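*Asks:* Go by the hints and put chains B and C onto chain A.
So the sequences go chain by chain: A, B and C.
According to numbering that gives the first Met the number 0, the residues represented by the first sequence are 0 to 288, in order.
According to numbering that gives the first Met the number 0, the residues represented by the second sequence are 0 to 435, in order.
According to numbering that gives the first Met the number 0, the residues represented by the third sequence are 0 to 320, in order.
The hints are simulated quantities; they were obtained by calculation from the structure and are not laboratory data.
What you are looking at is a predicted structure, and each value in this text was computed from that prediction instead of being measured.
Where is the CB? At the ideal position from N, CA and C, for every residue including glycine.
One or more of the hints may lead you astray.
One side only, chain A facing chain C, incomplete, derived with CB under 10 Å [as the list claims (entries may be wrong)]: (1) Ala33; (2) Thr46; (3) Thr101; (4) Ala209; (5) Phe213; (6) Asp221.
Distance condition first, Cα-Cα at most 25 Å in a straight line; then the derived DMTMM-like pairs of lysine to aspartate or glutamate [as the list claims (entries may be wrong)]: (7) B:Lys341 to A:Asp73; (8) B:Lys56 to A:Asp231; (9) B:Lys314 to A:Asp231; (10) C:Lys28 to A:Glu191; (11) B:Lys410 to B:Glu421; (12) C:Lys83 to B:Asp423; (13) A:Lys76 to B:Glu219; (14) C:Lys67 to B:Glu133; (15) C:Lys67 to A:Asp145; (16) C:Lys67 to B:Glu219; (17) C:Lys232 to A:Asp178; (18) C:Lys83 to B:Glu421; (19) B:Lys248 to B:Asp181; (20) C:Lys146 to B:Glu74; (21) C:Lys67 to B:Asp224; (22) C:Lys28 to A:Glu179; (23) C:Lys70 to B:Asp102; (24) C:Lys28 to A:Asp187; (25) C:Lys146 to B:Glu42; (26) C:Lys28 to A:Asp145; (27) C:Lys146 to B:Glu204; (28) B:Lys282 to A:Asp73; (29) B:Lys282 to A:Glu53; (30) B:Lys112 to B:Asp324; (31) B:Lys314 to B:Glu74; (32) C:Lys28 to A:Asp118; (33) B:Lys358 to B:Asp123; (34) B:Lys435 to C:Asp85; (35) C:Lys146 to B:Glu72; (36) B:Lys317 to B:Glu74; (37) B:Lys410 to C:Asp85; (38) A:Lys69 to B:Glu42; (39) C:Lys28 to A:Asp178.
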Amino acid sequence: MRSTATRGDVILRHRRAVFSPGGIAVQVILAAGALTMVLPFIWMLSTSFKPPAEVISWPPRFIPLHPTVKNYVDAMKAAPFFRFFINSFLVSGISTLSILLTSSFSGFLFAKYRFPGRDIIFIAILATAMVPFQSYMIPFYLFMRDLGWLSTYQGLVAPLLIMSFGIFFMRQNILSIPDELMDAARIDGCSEFGIYTKIILPLSKAALSALSIFAFRNAWSDFIWPLLITNDINLYTMELGLGMFQHRFTVDYGCITAGSVISVAPILVVFAVFRRNIIEGITLTGLKG
Amino acid sequence: MLKMRKVGFLWLLCLMALACLIPPVNAASGKAIRLAIWSGYPEMAPFYQKVIEDYKKENPEVEVTFLTNPLREHEQKISAAIPANTAADIIETSTYVMQKFIDAGLIDPNPPKVDKFLKSGVYDPFYVTLNTSEGKTYGVPFFQGRQVMFWNTQMFKEAGLSHAPTTWEEVIDFSRKLAKYDAQGNLSRAGISLRKSGGGSGVTEKWWFWVYPAGGSIVEQVSKDKWRNGYDNDAGRSALKLYIDLIHKYKVDSHKIKADAEGFALQTHAMFTRESWVVGYMKQNAPSVQFDTAPLPKNKRAGTICTLMNFYVTKSSKNPEAAWDFVLFMMRPEYQKYLLSKVGWFPCRTDVDYEEIYKQVPQYRAFMALPAGYQLYAYPSLACYDEIQTKLSERLIQAFLDASLVDNPGKIARVISDAARETDDILRANGVYAGK
Amino acid sequence: MKSEYAARPSGGRSTSTSRSARASRRQLKLYLFCYLGLLPTILLFVILRVRPLFSTLQLSFYNWNMIKPIKPFVGFDNYRALLKDDLFLLSLRNTTLFAFGTVIMTAVLSLALASALSGRRKMSAFYQVVYFIPVVTPMVPVSIIWKWIYDPGYGLLNYILSFFGIEPVGWLTYPNLALFSIIVMCIWKALGYNMVMFLVGLKAISRQYYEAAAIDGASGWKSFRYITLPLLKPIILYVLVTSTIDAFNVFTPVYVMTTGSQGAPGNAVRTLVYNMYEDGFRYFKMGYASAQAAVLLLIVLVLTVLQFAFLRHEDTSSQGP
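Isolated chain A, as found in the complex:
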């Protein structure tokens, strides 16, 4: 595999040479962009600590004069956010696990083997992502009804068990793992499945952790399906709970933002845990088309 450290240094030199005249301009643009990215979140966080009078004060003030946690207390009292969190976590977790398993193994097969019908199957899998879930939601709903899975965890998680982009992503990643490694393993008497577990999986750990973030995020943000399938507030996910919550406090921005912070925080924590893996991961594995 390539050694990132040395390459990084080389590119470092190369880039500096290319961009040094406009270096300061680039810095300014990057910083401005970063500010644009986080400013809304800073506002959200700051509003959630403001007493009602300050929420609507004009011009906007980023540091509350009289910070309070009352909004959080009210939000936690108004909706069972902990329960929502557990549900979201459970659904997203199972969905992520299933997507990792199916995507990595079929991505491996699509990338490293040639068999009749391979490209057709691949494009068909990709094609299922080309129309939104809403377009076949009703047949899916009726199917879940016939299985008796309405208002259950199984029903909640069912459409999230697979992900076309996940297979696409893993395929692109595994393509760049050199064949020589696989051949060497075969000579050592390794089975094809052994190649998957002993070579492909360890080498795509990083890509897998990146995929896990996307899969987790995807399941976490699902809104329309949980709405339809759950008939019990105890099964509500964070997104659904927040949607309902938002309508109860249309103008109470303090409370709404507190609820939003509560709902965003867990996913940011998961992201923080996996952060190094994604960033290093994608950079280590690389992509190839």
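*Replies:* Frame of chain A; chains B and C shown alone:
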């Protein structure tokens, strides 16, 4: 590099969560009779909590649960669940949303006991008529949406005005006195806040409250099952002209000013029309704002819409008798009062005395105590009405932005007749068009 | 660079018949391995995607109203009606604008950001995290935040613009601005994801290419144009394909930003899926909505195949379908 321990820990957490979750979900099914209610109003939660608690004292064998979603999501849920026969036992929704399911035979008429209750004089006969289809009654009226004018008494006083506008002339005159402008001449406080934007059908609905007093309506019924547009006439044209004049000629409302209940709470405008829930909303979110309510201004005639929210028992209910029993329990006078004082939606029962609540919250009075000559009108029982309103909304939103409509009766007439043609086309496509 | 193990024994080309018979047996075994390995995934896809999708496509040939008991077969009537439906054509136009806006802008911006960051390792890690926060944030909180940013009276955007003497603007309520405002929000949300993708690609480009180019006197824009861009093709393909599919499927941002009295007017931001949703779930015309889904599928499929065709890596190792 990947921290396997961290990942393992996360999965462990996941499995633990799974392990502690499955039992409570299964254990809940032990009770003999289970009932579920779906509501489209999250603010209704305290009401349901209260009635369920009280009902359980009298009927310990019945376990009632409720689920509230925002209105748009609630309606989507019932649209999927009623045809699939997977809906909750009791559904709280409006007559006009349920009408299409009733027409399709997906909802059963009321059993005799409930029918008798409806006709026993506890309701205004108008409500009973609204909920009657093909001679049979459906659903039990629970609460109602009536429109009134909310006006900020403080602002009115400062402008030297003592009462809410009662006529269109006063609407224009008062709005101009109430509007405020900044140094550049931009509107900084709206004299009146009209509904001008947003997806869905709300824009048409609010516009209807001006078309009606001018003598028109969105659709008019010609005979049973035959309809046509009711606004390609002076009423429609003058209602559009009123909006255009207020926005572009007198500049007393603007797209840049915070509108609706939010704006009223933040005091960005002096008056607007809404339902009774705003009273409770103001109490919770903006207790310092001084306001009162008044009947909608009249023109050629006067009236207010009356949208009924009813309880229906679905075909998917396994215990329809218990469900109806619970519905009738919720209709007891004390809970009707509880609904008004705690939630702020106006209860339907007309035989209950709400005087003590009026004394506490005088703003409620304008909703029920209608001046002489005020009519009640309702959503037509027309399955395609939502489509008509939604598509008309888009045209109105466009028109409200068009400053060239000021003092341009020809163009206003054209906008109106184009829109009316679309309305008639929708009626025709649904086979209920009456012809010119 | 060879990236694929064709079903062939590793010992090289076989000559004798017995060896080739053994080889073909081994090949069959490999095929079996592939098919068996794909079986669970394919089964899941068939049950969870293909089957419901086919029932939808079937519905498109019926006048299938969700609540009417009689659902007559109408052949291609739904499709014919689509061609004359102004709202459908409007949503097609809006979606195309939206897709062009978001796909091209995110691709260009994230590529520029990635190029600027690719040499600076320490800084890169920091910015990657910052730019990634919107990516992982779900849509409901994002919409709450952006409605505040766009609020005409209390919004952050108008507040910032007021420093430059620009008058307040109704970002969501003005029809010609509403779509633009939603595009900006979606770019904001997707930028970090694509930026990280491009960073990967840039890191993978060997320094020798740049050194060789430098000897020939090419640097700066030229080396970017003639080295970076061609070698980035695989990543560009991945980014374009996934973001085009996402853009044509845009729904939630539109849905949440049209809610409420100060939301965007429906027509100004009417996208294909929003229109489909309205026809299907508000007017109950499921058959008609399904026909729109079929058209959407066709459009995106053609675009994807075109993207694969145009960006097929010249390198022989490419196995893009």
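*Asks:* All the hints need checking, so say for each whether the structure fits it.
*Replies:* Right, here's what the structure says about each hint:
1. A distance limit of 10 Å between C-beta atoms decides the matter here; for Ala33 (chain A) the minimum to chain C is near 4 Å, and the interface restraint holds.
2. Using the Cβ-Cβ criterion of 10 Å, the hint placing Thr46 (chain A) at the interface with chain C is satisfied: the shortest such distance is roughly 8 Å.
3. A distance limit of 10 Å between C-beta atoms decides the matter here; for Thr101 (chain A) the minimum to chain C is near 4 Å, and the interface restraint holds.
4. A hinted interface residue such as Ala209 (chain A) counts as satisfied when its beta carbon comes closer than 10 Å to some beta carbon of chain C; here the least separation is about 8 Å, so the hint holds.
5. The interface hint given for Phe213 (chain A) holds, since its Cβ lies 8 Å from the closest Cβ of chain C, which is under the 10 Å cut-off.
6. For Asp221 (chain A), the suggested interface contact is upheld, since its CB lies about 9 Å from the closest CB of chain C, less than 10 Å.
7. A threshold of 25 Å between alpha carbons decides the hint, and for Lys341 (chain B) with Asp73 (chain A) the separation of about 18 Å falls inside it, so the pair holds.
8. The suggested pairing of Lys56 (chain B) with Asp231 (chain A) holds, with an alpha-carbon distance near 22 Å, which does not exceed 25 Å.
9. Between Lys314 (chain B) and Asp231 (chain A) the CA atoms are separated by roughly 19 Å; this keeps the pair inside 25 Å, and the hint holds.
10. For the hint linking Lys28 (chain C) to Glu191 (chain A), the alpha-carbon distance of about 10 Å falls within 25 Å, and the restraint holds.
11. This hinted pair checks out: Lys410 (chain B) and Glu421 (chain B) have alpha carbons roughly 17 Å apart, not beyond 25 Å.
12. Annotation: proposed proximity of Lys83 (chain C) to Asp423 (chain B) holds, straight-line Cα distance about 17 Å (limit 25 Å).
13. A threshold of 25 Å between alpha carbons decides the hint, and for Lys76 (chain A) with Glu219 (chain B) the separation of about 48 Å lies outside it, so the pair is violated.
14. For the hint linking Lys67 (chain C) to Glu133 (chain B), the alpha-carbon distance of about 18 Å falls within 25 Å, and the restraint holds.
15. A hinted pair counts as satisfied when its Cα atoms are at most 25 Å apart, and Lys67 (chain C) with Asp145 (chain A) qualifies at roughly 21 Å.
16. Note on Lys67 (chain C) and Glu219 (chain B): the hinted pairing holds, with a Cα-Cα distance of about 24 Å set against a maximum of 25 Å.
17. A distance of roughly 22 Å separates the Cα atoms of Lys232 (chain C) and Asp178 (chain A); the hinted pair therefore holds under the 25 Å criterion.
18. About 14 Å separates the Cα atoms of Lys83 (chain C) and Glu421 (chain B), which keeps this hinted pair within 25 Å; it holds.
19. Taking the CA atoms of Lys248 (chain B) and Asp181 (chain B), the gap is about 18 Å. The hint holds against a cut of 25 Å.
20. Distance hint between Lys146 (chain C) and Glu74 (chain B) is fulfilled; the C-alpha atoms sit about 24 Å from each other, no more than 25 Å.
21. Annotation: proposed proximity of Lys67 (chain C) to Asp224 (chain B) holds, straight-line Cα distance about 16 Å (limit 25 Å).
22. Between the alpha carbons of Lys28 (chain C) and Glu179 (chain A) the distance comes to roughly 21 Å, so the proposed pair stays at or under 25 Å and holds.
23. Taking the CA atoms of Lys70 (chain C) and Asp102 (chain B), the gap is about 15 Å. The hint holds against a cut of 25 Å.
24. As the CA atoms of Lys28 (chain C) and Asp187 (chain A) are separated by approximately 19 Å, the hinted pair is consistent with the 25 Å bound.
25. As the CA atoms of Lys146 (chain C) and Glu42 (chain B) are separated by approximately 22 Å, the hinted pair is consistent with the 25 Å bound.
26. For a cut-off of 25 Å, the pair hint linking Lys28 (chain C) to Asp145 (chain A) is broken: about 38 Å separates their Cα positions.
27. As the CA atoms of Lys146 (chain C) and Glu204 (chain B) are separated by approximately 23 Å, the hinted pair is consistent with the 25 Å bound.
28. Taking the CA atoms of Lys282 (chain B) and Asp73 (chain A), the gap is about 16 Å. The hint holds against a cut of 25 Å.
29. With a CA separation close to 18 Å, the supplied pair Lys282 (chain B) and Glu53 (chain A) stays within the 25 Å bound.
30. Taken as a hint, the Lys112 (chain B) and Asp324 (chain B) pair is honoured in the structure, with Cα atoms around 10 Å apart against an allowance of 25 Å.
31. At most 25 Å may separate the alpha-carbon atoms for a hinted pair to count; Lys314 (chain B) and Glu74 (chain B) meet this at roughly 17 Å.
32. Between the alpha carbons of Lys28 (chain C) and Asp118 (chain A) the distance comes to roughly 20 Å, so the proposed pair stays at or under 25 Å and holds.
33. Annotation: proposed proximity of Lys358 (chain B) to Asp123 (chain B) holds, straight-line Cα distance about 23 Å (limit 25 Å).
34. A distance of roughly 24 Å separates the Cα atoms of Lys435 (chain B) and Asp85 (chain C); the hinted pair therefore holds under the 25 Å criterion.
35. A threshold of 25 Å between alpha carbons decides the hint, and for Lys146 (chain C) with Glu72 (chain B) the separation of about 19 Å falls inside it, so the pair holds.
36. Proposed proximity of Lys317 (chain B) and Glu74 (chain B) is supported: the alpha carbons are some 22 Å apart, at most 25 Å.
37. Our distance criterion of 25 Å between C-alpha atoms is met by Lys410 (chain B) and Asp85 (chain C), whose separation comes to about 21 Å.
38. For the proposed pair Lys69 (chain A) and Glu42 (chain B), the alpha carbon gap of about 20 Å is at most 25 Å, so the pair holds.
39. Distance check on the hinted pair: Lys28 (chain C) and Asp178 (chain A) sit about 19 Å apart at the alpha-carbon level, within 25 Å; holds.
When held up to the earlier numbered hints, the structure conflicts with 13 and 26 and fits the remainder.
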